[in-house]
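Visitor: Letter by letter, the chains look like this.
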Amino acid sequence: MLATLIRLLGDFDRAEEAMHDAFTAALDAWPREGVPQNPRAWLVSTGRFKAIDKLRRNARFDAALSEVAEQLEAAAAAASAVRGEGAPGEEAEGEGVDDDRLRLIFTCCHPALSADARIALTLREVCGLETEQIARAFLTSAPTLAQRIVRAKGKILDARIPYQVPALAELPDRLDAVLHVIYLVFNEGYSASGGDALTRPDLSGEAIRLGRLLVDLLPEPEAIGLLALMLLHDARRPARTSADGEIVLLDAQDRSLWDRGQIDAGLGLVERALSFRRPGPYTLQAVIAAVHAQASDSATTDWAQIAGVYDVLLRIDPSPVVELNRAVAIAMRDGPHAGLAIIDRILARRELTDYHLAHTARADLCRRLGRTADAVSAYERALALTTQAPQRRFIERRLAELRSSLS
Amino acid sequence: MKYLCLIYDNESGAAGMTREQGEALMGEYFAFTEAIKKSGHYVGGNALKPVSTATTVRLRQGKLSTTDGPFAETKEQLGGYYLIEAKDLNDAIQVAGKIPAAKTGSVEVRPIEVFG
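Same order as they appear, the protein sequences are chains A and B.
Heads up, the first sequence is in the working numbering, so the first residue is 1 and it goes up one at a time.
Heads up, the second sequence is in the working numbering, so the first residue is 1 and it goes up one at a time.
Just so you know, these hints were derived from the structure itself, not from any lab.
Treat the hints with caution; some may be incorrect.
To be verified - Derived Cβ-Cβ restraints for the label pairs, each shown as a range:
#1 H20(A) <-> Q94(B): 35 to 41 Å
#2 R56(A) <-> K103(B): 14 to 20 Å
#3 A59(A) <-> K103(B): 24 to 30 Å
#4 D116(A) <-> L48(B): 32 to 38 Å
#5 D158(A) <-> T55(B): 28 to 34 Å
#6 S114(A) <-> G69(B): 55 to 61 Å
#7 L83(B) <-> P111(A): 46 to 52 Å
#8 S12(B) <-> L168(A): 36 to 42 Å
#9 L249(A) <-> M1(B): 49 to 55 Å
#10 R60(B) <-> L249(A): 56 to 62 Å
#11 L48(B) <-> S141(A): 39 to 45 Å
As the list claims (entries may be wrong) - Simulated pairs of lysine to aspartate or glutamate, EDC-like, Cα-Cα distance not exceeding 20 Å:
#12 K37(B) <-> D91(B)
#13 K155(A) <-> D88(B)
#14 K98(B) <-> E34(B)
#15 K155(A) <-> E23(B)
#16 K50(A) <-> E16(A)
#17 K103(B) <-> E16(A)
The C-beta atom is built at its ideal place from N, Cα and C for all residues, glycine as well.
Sequences and hints are given; from them, build the entire structure.
Guide: As structure tokens, this is what we get:
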């Protein structure tokens, strides 16, 4: 409904106000007159006319607004002329609604907005989260976040970012931006960058909801791949922390706690994404998650296949983080020495030196090789780089074990 | 809506070109300008003389100061601009992406403020 009002009124704030006014009007009218046949259309239409009324009232003080009001009125009149009558409750249904939701997603994730602003705006406008909720989830203050949203809306208006689904030629680039926003929201939910808890299920839940919506509206292979990836990772959530909130690593997880229904849904989506051929980065990561999901424990996991998929991933979407993950898979396939050599090469290039997971991975391989002193210093480095409480406790436990074996 | 496309590129790159390379680049710009005139996007545009010819002017507490060159040392310098008429930012981005310097430098797209 908000998505449609934004299109009709051409302004995020005006649309939010109109939606609020429409609900207020409904609280008044529906108990007296009964619920209309199409409540959504009634609300949209009422909101639209409330907004035009308000503009006209304010136009007495601002001539520019009267022009806007006239334009909106003319558009509304044209729409009802097409339908043959003017009664509220006849706003286009079905396809039109989906288009508006897609328009809203693509506008909120426009690459001309900063990454932070895209995330905030998407959670606020598409998911309908309150500013305070988003601020809490991303550990920033509500005023900072509100400011971010205001600036983004200002840029949409001032630079005239259009409210539309991109043309086919722009689609790959623009879809990437949308997928990236969803992926960032999911990741923050899957492994919080700070705070008291390892996961923020509220955020991963929103990301999955967004992913589903996108796949319904625009079933592109990478959208399907990303949804598969999120479902497969999220399926492990119940096993990733112990009852007292401590981290349980993949090889120690009780796999009977994994959500089988979600895994089956994820596996089906992986198949579907792969059927398009030439899988993209999200689909490849989903394939890796699928291999884990199908193994009964770490020892029987097909590490050779995982390392192979990482090879492909590294070729089409090179990044030091992918290289690091590949190194861990290779350590499982060929032994800790092989993995450690790759990690040391990455760190020698001065990449990932501030990424705590690079140091925990290095520490773990040193530990398995019996290089206790090296493991200790790598864990110490990792500890200095992480603020998330469960991560810190996990590293501290490992450090205590290693130090006691040294003495 | 009007947008200014500011073209930033490495000046020394153009200076080190052979005659043929320079002519090829001029040809690309010429073709681009013709294309956006035909599509109705073109409003105006100019190339600028090198940054070494630039002067920066500031007025502070009533005192005019002029300094040599641009404000900050950067790898890319403002080398020219196009003023275009575009439907919206997406349209402007499509036009800006076809400016030859988009391949080697960068193009900043700024909406033109309209007063009153």
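Visitor: With reference to the structure, classify each hint as holding or not holding.
Guide: Cross-check of the supplied hints:
A beta carbon spacing of about 36 Å between H20(A) and Q94(B) agrees with the range 35 to 41 Å that was offered as a hint. As the Cβ distance of R56(A) to K103(B) is approximately 50 Å, the hint placing it in 14 to 20 Å is violated. Between A59(A) and K103(B) the Cβ separation comes to about 48 Å, which falls outside the hinted range of 24 to 30 Å. At roughly 34 Å, the beta carbons of D116(A) and L48(B) sit within the given window of 32 to 38 Å.
For D158(A) and T55(B), the hinted distance range of 28 to 34 Å is satisfied, since their beta carbons lie about 30 Å from each other. Judged by the Cβ atoms, the range 55 to 61 Å given for S114(A) and G69(B) is violated: they are separated by roughly 29 Å. Against the hinted window of 46 to 52 Å, the Cβ-Cβ separation of L83(B) and P111(A) comes to about 23 Å, which falls outside the hint. A C-beta distance of roughly 39 Å is found between S12(B) and L168(A), which places it inside the suggested range of 36 to 42 Å.
For the pair L249(A) and M1(B), the supplied restraint of 49 to 55 Å holds, since their beta-carbon distance comes to about 54 Å. Against the hinted window of 56 to 62 Å, the Cβ-Cβ separation of R60(B) and L249(A) comes to about 60 Å, which satisfies the hint. For the hinted restraint 39 to 45 Å between L48(B) and S141(A), the CB-CB distance of approximately 43 Å keeps it satisfied. Note on K37(B) and D91(B): the hinted pairing holds, with a Cα-Cα distance of about 15 Å set against a maximum of 20 Å.
For the given pair, K155(A) sits about 12 Å from D88(B) by alpha-carbon distance, which is consistent with the 20 Å threshold. In summary, the hint linking K98(B) to E34(B) is supported, as the alpha carbons are separated by about 12 Å, within the 20 Å threshold. Between K155(A) and E23(B), the direct Cα distance comes to roughly 39 Å. Violation of the 20 Å bound is thereby established for this hinted pair. In summary, the hint linking K50(A) to E16(A) is supported, as the alpha carbons are separated by about 12 Å, within the 20 Å threshold.
At most 20 Å may separate the alpha-carbon atoms for a hinted pair to count; K103(B) and E16(A) exceed this at roughly 41 Å.
The structure does not agree with the numbered hints 2, 3, 6, 7, 15 and 17 stated previously, though it agrees with the rest.
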